[in-house]
Amino acid sequence: EKLGITTPGISVISELNSIIGTCDILVTGSDQVWRPSDHFGLDPTYYLGFPFSVSARRVSYAPSFGTDTLIPSVRDSVSKLLDDIDYISVRETSGKDIVGSLTGKVPVVVPDPTFLADNFDGILEEYPGTTNDAYVFSYVLRSADGISSTAQIVADTLGLALLSPHNPHRRWKKIGSTVYPSPGQWLWLLKNSRCVVTNSFHGVALSVLLQKDFIYVPLQGDKSEFNSRALNLLHSVGLPNRIADDLSSINIRRMIYEPIDWSSVTEKVEGLRVIGKDFLKSALSGSDELF
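Each residue of the sequence shown is one higher than the one before, starting from 597 at the first, in my numbering.
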């Protein structure tokens, strides 16, 4: 319903043969599609590395390796796959470094696709039983280390309820009250909260785009390798001060009341949006203007 998909999904790589043969352009991205799976290894499909001849122009838009370094066992394979992509962009400077070291190419660093949209009103859907600015919204992925106590400090300081969306993969004690939103309701809950506390890249990205006060709690320990995406974004829009490196109650309370210069952030967001759109225009038209 949300994505407008009416046809069955493609489950077997061979089924792509007849479809891709009719395409002029193939695009891969975004998110961590270039990160090798811990269980299944490297998937060439996400690099547009199909096992049959394809004459279509290949484009990557904002893929992420999900880490600052690529494991040695896949470097040769990734290098060969990247050589066949005509227009390469990545989402982080760390990805730019990885591509450069493997291929000698200099990819364009573009913003996440969420930054290509400047209005989300059409997909917002009110979550029943909530009112504007009456709660703190805590979006947590992978681990609750550090963020659970931080979210509670924020909620207690503001005297508000603490809401956290259901996570079927949660292996930690629940944070505040659990809500069960649809995608549109998830966005509505974030937009209408008093403050967002998150350790997620997209929690940060949507907070920035919706101009919502937020605190980013970096993942800790062996999961810290996932922080590069959010850290890169926050530095790109001039908000490194939203990174909670110090999780003391004194520092968190200071961050709650520290104002964000949204006019400056908006200017930087617009600059990122232009970079993303210009890259796509060049790649889709076959221009070499940016390369």
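I should point out that these hints are in silico values taken from the structure, not numbers from a laboratory. One or more hints might be untrue.
In silico EDC-like links for lysine to aspartate or glutamate, alpha-carbon gap of 20 Å or less [unchecked claim]:
| id | residue 1 | residue 2 |
| --- | --- | --- |
| 1 | 877 | 682 |
| 2 | 692 | 752 |
| 3 | 819 | 809 |
| 4 | 701 | 874 |
| 5 | 864 | 842 |
| 6 | 808 | 717 |
| 7 | 873 | 664 |
| 8 | 701 | 714 |
| 9 | 819 | 627 |
| 10 | 808 | 874 |
| 11 | 808 | 821 |
| 12 | 873 | 809 |
| 13 | 701 | 717 |
| 14 | 873 | 857 |
| 15 | 819 | 634 |
| 16 | 819 | 854 |
| 17 | 877 | 620 |
| 18 | 692 | 714 |
| 19 | 808 | 866 |
| 20 | 692 | 821 |
| 21 | 873 | 634 |
| 22 | 808 | 721 |
| 23 | 676 | 722 |
| 24 | 808 | 863 |
| 25 | 787 | 717 |
| 26 | 877 | 714 |
| 27 | 819 | 729 |
| 28 | 864 | 821 |
| 29 | 787 | 857 |
| 30 | 769 | 741 |
| 31 | 808 | 752 |
| 32 | 787 | 809 |
| 33 | 877 | 866 |
| 34 | 808 | 729 |
| 35 | 787 | 729 |
| 36 | 787 | 722 |
| 37 | 808 | 714 |
| 38 | 808 | 682 |
| 39 | 701 | 664 |
Evaluation of the provided hints:
With a CA separation close to 14 Å, the supplied pair residue 877 and residue 682 stays within the 20 Å bound. At roughly 41 Å between alpha-carbon atoms, residue 692 and residue 752 are farther apart than 20 Å, so this suggested pair is violated. With a C-alpha separation of about 25 Å, the suggested pairing of residue 819 with residue 809 is violated against the 20 Å cut-off. Annotation: proposed proximity of residue 701 to residue 874 holds, straight-line Cα distance about 19 Å (limit 20 Å).
Taking the CA atoms of residue 864 and residue 842, the gap is about 26 Å. The hint is violated against a cut of 20 Å. Between residue 808 and residue 717 the alpha-carbon distance is near 15 Å, which keeps this suggested pair within the 20 Å criterion. The hinted pair formed by residue 873 and residue 664 fails the criterion: a straight-line CA distance of about 25 Å is larger than 20 Å. Note on residue 701 and residue 714: the hinted pairing is violated, with a Cα-Cα distance of about 31 Å set against a maximum of 20 Å.
As the CA atoms of residue 819 and residue 627 are separated by approximately 17 Å, the hinted pair is consistent with the 20 Å bound. The suggested pairing of residue 808 with residue 874 is violated, with an alpha-carbon distance near 27 Å, which exceeds 20 Å. For the given pair, residue 808 sits about 26 Å from residue 821 by alpha-carbon distance, which is inconsistent with the 20 Å threshold. Restraint check for residue 873 and residue 809: the C-alpha separation of about 27 Å exceeds 20 Å, so the hint is violated.
About 39 Å separates the Cα atoms of residue 701 and residue 717, which puts this hinted pair outside 20 Å; it is violated. Note on residue 873 and residue 857: the hinted pairing is violated, with a Cα-Cα distance of about 25 Å set against a maximum of 20 Å. This hinted pair checks out: residue 819 and residue 634 have alpha carbons roughly 13 Å apart, not beyond 20 Å. For the hint linking residue 819 to residue 854, the alpha-carbon distance of about 28 Å lies beyond 20 Å, and the restraint is violated.
Restraint check for residue 877 and residue 620: the C-alpha separation of about 15 Å stays at or below 20 Å, so the hint holds. A distance of roughly 26 Å separates the Cα atoms of residue 692 and residue 714; the hinted pair therefore is violated under the 20 Å criterion. The hinted pair formed by residue 808 and residue 866 meets the criterion: a straight-line CA distance of about 17 Å does not exceed 20 Å. For the suggested pair residue 692 and residue 821, the alpha carbons sit about 16 Å apart, so the restraint of at most 20 Å is met.
At most 20 Å may separate the alpha-carbon atoms for a hinted pair to count; residue 873 and residue 634 exceed this at roughly 33 Å. Straight-line distance between C-alpha atoms of residue 808 and residue 721 comes to about 17 Å, which keeps the hinted pair within the 20 Å bound. Distance hint between residue 676 and residue 722 is unfulfilled; the C-alpha atoms sit about 47 Å from each other, more than 20 Å. Proposed proximity of residue 808 and residue 863 is supported: the alpha carbons are some 16 Å apart, at most 20 Å.
For the hint pairing residue 787 with residue 717, the CA-to-CA distance comes to about 10 Å; that is within 20 Å, so the pair holds. Under the criterion of a C-alpha separation no larger than 20 Å, the hint pairing residue 877 with residue 714 is consistent with the structure, at around 18 Å. With a C-alpha separation of about 31 Å, the suggested pairing of residue 819 with residue 729 is violated against the 20 Å cut-off. Distance check on the hinted pair: residue 864 and residue 821 sit about 25 Å apart at the alpha-carbon level, beyond 20 Å; violated.
Proposed proximity of residue 787 and residue 857 is supported: the alpha carbons are some 18 Å apart, at most 20 Å. With a C-alpha separation of about 10 Å, the suggested pairing of residue 769 with residue 741 holds against the 20 Å cut-off. For the proposed pair residue 808 and residue 752, the alpha carbon gap of about 19 Å is at most 20 Å, so the pair holds. Restraint check for residue 787 and residue 809: the C-alpha separation of about 10 Å stays at or below 20 Å, so the hint holds.
For the hint pairing residue 877 with residue 866, the CA-to-CA distance comes to about 16 Å; that is within 20 Å, so the pair holds. Annotation: proposed proximity of residue 808 to residue 729 holds, straight-line Cα distance about 11 Å (limit 20 Å). With a C-alpha separation of about 9 Å, the suggested pairing of residue 787 with residue 729 holds against the 20 Å cut-off. Among the hinted pairs, residue 787 with residue 722 is consistent with the structure: their alpha-carbon atoms are about 10 Å apart, no more than 20 Å.
Between the alpha carbons of residue 808 and residue 714 the distance comes to roughly 15 Å, so the proposed pair stays at or under 20 Å and holds. Between the alpha carbons of residue 808 and residue 682 the distance comes to roughly 37 Å, so the proposed pair goes past 20 Å and is violated. Restraint check: the Cα-Cα separation between residue 701 and residue 664 comes to about 17 Å, which is no more than 20 Å; the hinted pair holds.
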